[in-house]
Amino acid sequence: MDAFVFLVSAAIVLTGAVGVLTSRNPVHAALFLVQTLFGVAVLFVLQDATFLAAVQVIVYAGAVVILFLFVIMLLGVDRAEDLGVEPIVGQRPVAAVIGASLMGLLLTLLLVATDGPTGAPGRTAPLGDAGDNTRRLGEALFTGHVFAVELTALLLTVAVVGAVVLARTVKGPLQPLPVVVVATATEPDEPADEGAEEEAEEEAKEEGSA
Amino acid sequence: MVVTTSWYLALGAVLFSLGAVGLLTRRNPLIMFMCVELMLNAVNLTFVSLGAELGDLGGQLSVFFVLVVAAAEVVVGLGIIVAIMRRRQGATADDLSVLGG
Chain U
1 MDAFVFLVSA AIVLTGAVGV LTSRNPVHAA LFLVQTLFGV AVLFVLQDAT FLAAVQVIVY
61 AGAVVILFLF VIMLLGVDRA EDLGVEPIVG QRPVAAVIGA SLMGLLLTLL LVATDGPTGA
121 PGRTAPLGDA GDNTRRLGEA LFTGHVFAVE LTALLLTVAV VGAVVLARTV KGPLQPLPVV
181 VVATATEPDE PADEGAEEEA EEEAKEEGSA
Chain B
1 MVVTTSWYLA LGAVLFSLGA VGLLTRRNPL IMFMCVELML NAVNLTFVSL GAELGDLGGQ
61 LSVFFVLVVA AAEVVVGLGI IVAIMRRRQG ATADDLSVLG G
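Which chain is which? The protein sequence lines are U and B, in order.
Mapping to our numbering: the first sequence position 7 is 7, numbers consecutive.
Mapping to our numbering: the second sequence position 30 is 30, numbers consecutive.
Worth flagging that the hints you see were computed from the coordinates, not collected in a lab.
Just so we're clear, the structure is a prediction, and the values are computed from it rather than from any experiment.
To give an idea of the chain B side of the interface with chain U (calculated C-beta under 10 angstroms), a few residues:
hint	residue
1	L9
2	L18
3	R26
4	L30
5	L57
6	Q60
7	F65
8	V68
9	L78
10	I81
11	A83
12	Q89
Beta carbons: idealized from backbone N, C-alpha and C, even for Gly.
Next up, chain B with everything else stripped away, as it sits in the complex:
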């Protein structure tokens, strides 16, 4: 059996969908963040696979920048979660609807 690019792309698609379902169903903001990480990883896997398919370094370069943006996103997002949780213990994503005014 030869592993073709389609296998990786299919795995990326399934992983992305799982992350999306988790983001839509879970209420704990931390776990929602983890699901976003899952989706980002699925996209990274797709980037690397297509880069290998085309013999091009661009895919891996994109993954590098996605990693940096994901790290920055996690830092700021966790800061926001800490700030919210300090004021309101056990807050879920639904509780944040009060931000709507």
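Bound-form chain U, shown alone:
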């Protein structure tokens, strides 16, 4: 039964990934990405990681892909892209070689390492069964890793502020950054500034004449 579920999920995951790579329309790529994410969620359930499976569906398939679709629709790039052109000569063969060698390297490592992971077993916290998973994960997060959890909260806040600043529309032409005048005891070096301005004006004139 496990093998059957694994094989079906693996097929779903891989076809979804190939779909993301080859679909010409970004909307289709986003939908194929949902397919892959659901397949990975099933594999998480299969390994008793029930909380992560739920989070995978809610956060990835529910939030991240919807955000992708929002941006695709907002920007109006939901039209088919011509995959026939190759902008950089030799880009695709090189990418294929790199990808094949990466896959070969990783799979060879797996074949060579027949003993499985070596070294002492982990000591973070014991892994519970599926019904116990969420409680154990919560306990580990909010006892041993509480500082990391707080840091991720800070990271998310910074990301939200950054997104708001980036997506802000500026009315009219771009304004120069405001000059902050810091009151200092000594007078600024006036002649040097004037010289710099004159040079800038001369350069502008030269560019205008050329």
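Go by the hints and put chain B onto chain U.
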């Protein structure tokens, strides 16, 4: 047939490679982002599999933090893409070489 950890690791390796190839070949920045998500998912799958193999919760804890970082990355990345696309319709990753000055 018994599903061993190696099966999951092999699937993760293939998924990661597919994501890497997509990142290198596609030009649409949105699809490049989706390929990064594919690679992150492959790594998440590897984390969970090895955690299950070793009977340790650390793998799942790492996946939790990877999820948070991926969410933050998507938010900022899509903000940047929106800002670029507003100034230049249909910009591809190659067009951004003008940022080099």
